[in-house]
Every structure is written in C-alpha cells, then in structure tokens.
Amino acid sequence: MQQQVNRLKPFFENIHFEREDNTMMVNFGPQHPSAHGQMRLMLELQGEEIVKATPGVGYLHRGMEKMGENMIYNEFLPTTDRMDYIASTSNNYGYALAVEQLLGIEAPRRAEVIRTMLLEINRLMSHLFWLATHALDVGAMSVFLYAFREREFAMDLMEDYCGARLTHSAVRIGGVPLDLPAGWCDDLEKFCGILMTEVEKYEGLLTENRIWRMRLENVGVIDTQMAKQWACSGIVLRASGVKWDLRREMPYGLYPELDFDVPIGETGCSYARYKLHMQEMRETVKILRQLIPMYNESESQLMAHAPEYISAPKEEIMTQNYSLMQHFVLVTQGMRPPKGEVYVATESPKGELAFMIVSDGSPYAYKMKLRAPSFWHTGLLEDLLPGHQLADVVTIIGNLNVVFGEIDR
Amino acid sequence: MRKYTSKTDVQAKSYYNDRFYVTPTLPRSKASDDEVYSKDIEALSAKFEISENYVENKELVIYIQPDKNVEVLTYLKEELEYDMCMELSAVDYIASRGGFEIFYEMLSMSKHRRMRVKTFIRQKQPLESIINVFKMASWSEREMYDMYGVKVVNHPNMKRILMPDDWYDYPLRKTYPLTGDEAASWYEVDKIFGKEARDIIGPEIRDCAAIDRYDTERFSRLGHEVPFGTDITDGKEPEHTPLAYQEEGGVRFIKKLNEEDSVTIKERR
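Chains as they are written, first to last, in my numbering: chain A, 1 to 409; chain B, 1001 to 1269.
Heads up, none of these hints are tricks.
Cut-off 20 Å, straight-line C-alpha distance, at most; resulting in silico cross-link-like pairs (EDC-like, lysine to aspartate or glutamate):
1) B:Lys-1266 with A:Asp-160
2) B:Lys-1118 with B:Glu-1071
3) A:Lys-339 with B:Glu-1056
4) B:Lys-1111 with A:Glu-249
5) B:Lys-1007 with B:Asp-1207
6) B:Lys-1039 with B:Glu-1052
7) A:Lys-339 with B:Asp-1018
8) B:Lys-1266 with A:Asp-156
9) B:Lys-1118 with A:Asp-360
10) B:Lys-1266 with A:Asp-186
11) B:Lys-1077 with A:Asp-223
12) A:Lys-339 with B:Glu-1059
13) B:Lys-1058 with A:Glu-106
14) B:Lys-1266 with A:Glu-152
15) B:Lys-1159 with A:Glu-382
16) A:Lys-243 with B:Asp-1083
17) B:Lys-1266 with A:Glu-189
18) B:Lys-1266 with A:Glu-159
Please keep in mind that the hints were generated in silico from the structure rather than gathered at the bench.
Let the hints inform the model, and build the full structure from the sequences given.
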C-alpha cells in the first residue's frame, strides 16, 4: 500500500505569494534546525519585517500529565527526565520535592547537598548548551565547539555519579540513591576551575564582538510589563529588570544557606539575557564550591526515613523481613500519599518549573499539572516577534532558551 | 461474563485496597493565622463571595464564583499585588460532581506569597477568559480547552494547541483511556492512507506495551528463536532454527584494531 501524498494536506502551503494585502506567509519549521525542536512558526512578512507570528507547538506532545495520572509516583520520576532533557535533574528534583512536600517528609542533609550539586551542574550544562547552540544560530561557530567541550566535562561528572549523561533520574523521592563516588568532589573542584577560565574565554569571544552585539542588542526586547503578563520566569524575567529568583526569594532545599548573587538585567533584550547567562554560570560555580565542604561535613544517610512511603535502605531490605515486605508493597502497589494538593515551584535553568499534584489518597495522582517555563516563553513569541526582521527570529528563539520537551510535555 | 468496569473513569487504579487503611489528609490551617493572608482574605471577602478558604502547604486557596473570575483576578492584580498568574488549568470532577474545578495559580512578588484561586464549573458551562487581565491565558486557556474541553468564551483564538485541530475528544479527561480511544487508533491511518485503507492496515496499536507472541516480524522471542517473518499462527514452530551470530565470522566493527597496542587512559586528554 503506497502512501497517497495528496491525503496529507497541510493547513498552509509553505509559502503564499501575492496575497491580497501583499504579505508573504513563511512557514518556519516544524523541522527547522534553529527552531530548537519541533516548533512551527507561521510568519506573515511585509518585506523582511514580521507583521504577525503564530507559533504552533505540540509536535512532541507525549501526554506526560496523563502518564503521571496513570503511574505510581516512583514510576513517573524517570518520565520527568524527558521534560527539559537538557537539564533533566532539575525536573527530577522539582518532582521529587513536590511529592516530598505532599508526603510531609524531608530528604536528609547529605542527599540535599548531593541534589543541589547535581542541580547546579545541570544548570551549567543547560547554560553551556544554550550558549553553544545560540551562538551557532547567530553564526559564532567556534563558541559551539568550546562550550560543548565544557558541557562534556559536566556530563562526565553526571556520568560518574549516576551512569547516565542526559536522562539522569539521579534524584529519588526522599533523597538520592547513591553517595558520591570516591574522588568526585576533586573532579568537581577541577571542573569549577576549568569553567571559570573558560567562561572568561567565551566572554572574550562574544561580549565585545561587533557582530554578536549587532545581532543581540535591542533585539527581542521584553519589557517588565510584558514579562509579567506572559508569566515569564527565570532569566527572561530577570533580564527585564525583575529581581526574582526562586532560589533566593522563595527558597527551598539548601539555598537559604548558600551565598550567591542574583544578577539582573535592565534592557530586557537578547544581549541582557546573554550577560545574565554568563554571570549565572559564575554564580553557579560559586555555589558548587560552597557545597563541597558541606558535603564533607554531612552525615551519611541518603534516603529519608519514612517506612510507609520510602523503601528502607538495601541492607535492611536484605536482612529484615518487615523491610522487605514493605519494599515489596511500595514497589508493586506504590505509596499512598495523604489527600491534598501541592503546587511546588523550583528555579530550573529555564525558569519556574512547578509540579502541581492533586492527590486523592490513592497510589495514582488524581491530577498532575506540570508547569514548564518554556511554554509561555514560546507563547510570548506572538507578541514579541512582530516588528522584528526575519533574521532576528532565529536570534530570539535561540535566546529565549526554550526546550520543546517541556513545552509539549 | 466480563467484569464490569466503570466507563466514567478509565484511569489506572490500585488493585488492592486495605479495608482498614485510613487515608491521612494534608494539614490545612486557617488563613487568619497568617498575617499576610488574613489581610488578603479580609479585603477579598469585603468585595466578593469567598465560599471557602484555607492555607494548604503554605499557600492560600480560595473558592470563588465562576462568573466572578475576571473581577477577582483583576482585583488581586491591581489591589492586592498578586501581579502574576503563573498557571491555570482544570481538574476533572465530571464523574463525581459533574464538572471541572478551575484553578488560577497567583504569585505576588512583593509579598513572596502564592495564592490558588479556585472555582467550580459544570461540564458545559462557559468560563470567561482572563486574557485581558493576564496575557499568559492566551496559551493556558487554549491548553485547558484542548485537554479538558472547558469552554472558554471571549478568547480571541480558541482552538487546540497541543493536539491536532481535528482530534476527537479531550485527552486529560478521566473518561479518556491512556492509550487513546477508538478514534485515536484510526487517526493516522485515515490521515495518511485514507479511510478506504482501514481494512488493509488495521487500527494503530497505541499500547506501547502490547506484545503479540505470534508476530515474528516485530517481536523476537527469547529462548525460542524463530526466523524473521515465519508464520507460527498455527502453533507449529520450527523445531530446529539454524542460528548464526554476527560474531562468528561476520563483519567486525573495528577492522584494524590491534588489542596489544590499545591503552586505557586514566584521564581525559
């Protein structure tokens, strides 16, 4: 049976010439390399100027919220990896934190230190990836090579810890599964040193680069009003002059104890966001360096002790009958959290990543809402793109740091 | 006779429930115990009808009338400094209460507080769009319509966002099965090959865990290997299958590898 080509009628042809108002429709994506995923952008052009932009999403829709309602809580955790797959631990952490708050438990201190280390490494991975691909889109190819090299070091650290490089699932509900391997902190320290010098080199390549500034400065200006209207968060919001970092303003985990600055921008343009990414990488290194002594001082417990929700450590499961029974029930039937609702927001590298869980007391969530920051950062394009030139589209999409795994979920 | 299963909720269910288990509830406190929330509640109840309010997990939850959503959110935004709406969506209670619970997740950056504004609408009751108060509703309400079929009125571009425009039914409702319904299994067949090809192709298997033990083209069988594409639907399997693995005289992946010369490096260069 042959495919009948004409059956697949797209809603728009790729290009409409000579419409009545003499604008041109350009269908950008969904298979466009600089759309950073599967985004379809229908652009109406007057010459080279955009008069109307209609972003279309949903090409990576896997129904994660539906899956979350049909899986027991532990089962769903690896699925959250596939949201923001550039920094998957941030999703794992957001989810684990939400479930922990629903259960009313807290991860032990060492677990919290390891989690925070992983979170910040993931932030670096995400920012380096952003820098690399964004610079590549704009035309600075060499930055791509350098930034990916350092990202590789960060991924090696993740690999040494949990064995995975992209989809880590390294955080579990109630703690972390493993302690850090021997010598890992030394590698981390070394990586921090490398990164600090390398960030300087990236800035040397880009910050005062004439072409880079021409392509980024005053392009994609998001003012404070617009950012608030569109529920922007993370760097997009901070670049518009709002000092709002959840790690600082509504802190969770270890962040109240850590010393770091929240850089903010003023202009809200792409260049301001670039500056923020670079400064944030430095702050992240600062956090990582503070965490190493905290790790050494912590007790060795890795999972919270809550027998009705969290399985006992392996040694206990293997030696004590009741722990084994409990573990068996938790794996086959799942934990039964209290009835209630939680909305737990964390600062992921992209912005406010939140998990809303409505629990009716059964092992399956009654409602699981995943709030992904990129969703509105993409919706924003409707308002942001008109008035810009066609060449700026790629800059703006790349600059907003959207990841389609979390937009479509 | 097949066991009766409810069609109003086809979500996964626990197969064993302890008769004596008492489900605990997440502790709730009164809004008046919190200094910020008590003022907010006071100001709100003076102007609007707040049917219920409590603080759950450090966050204020209030219930309002569905026709007052725009007024309440405008008031929250302009008077009470809840200037961002971070999220909105619905929760399906069609089977138990005949409608949806809509929630708006508000954030006040000056007070460092969150508030969840909730309202209940019946299944086909229209809901006013809040797009004039918060622009983010432009996409959120589309998603809510796409996933739950909540009718939002006065939205300039109310159409599906994640699912295709011609998709049948609303995927996040409790009545919608995880692997999709009948219409979903024919969607791509109809779209690509046409309705007339249904008999030839058959419905799409949307259960990713589905295994067909007689299908020797897409499923290999551990322990009892049969050659690719052998018809074993009659139950007769070949007694002896000649097996040839690639390692035995096949093509090697690295042709010129000399194992004595290779070294394992300790550190990345």
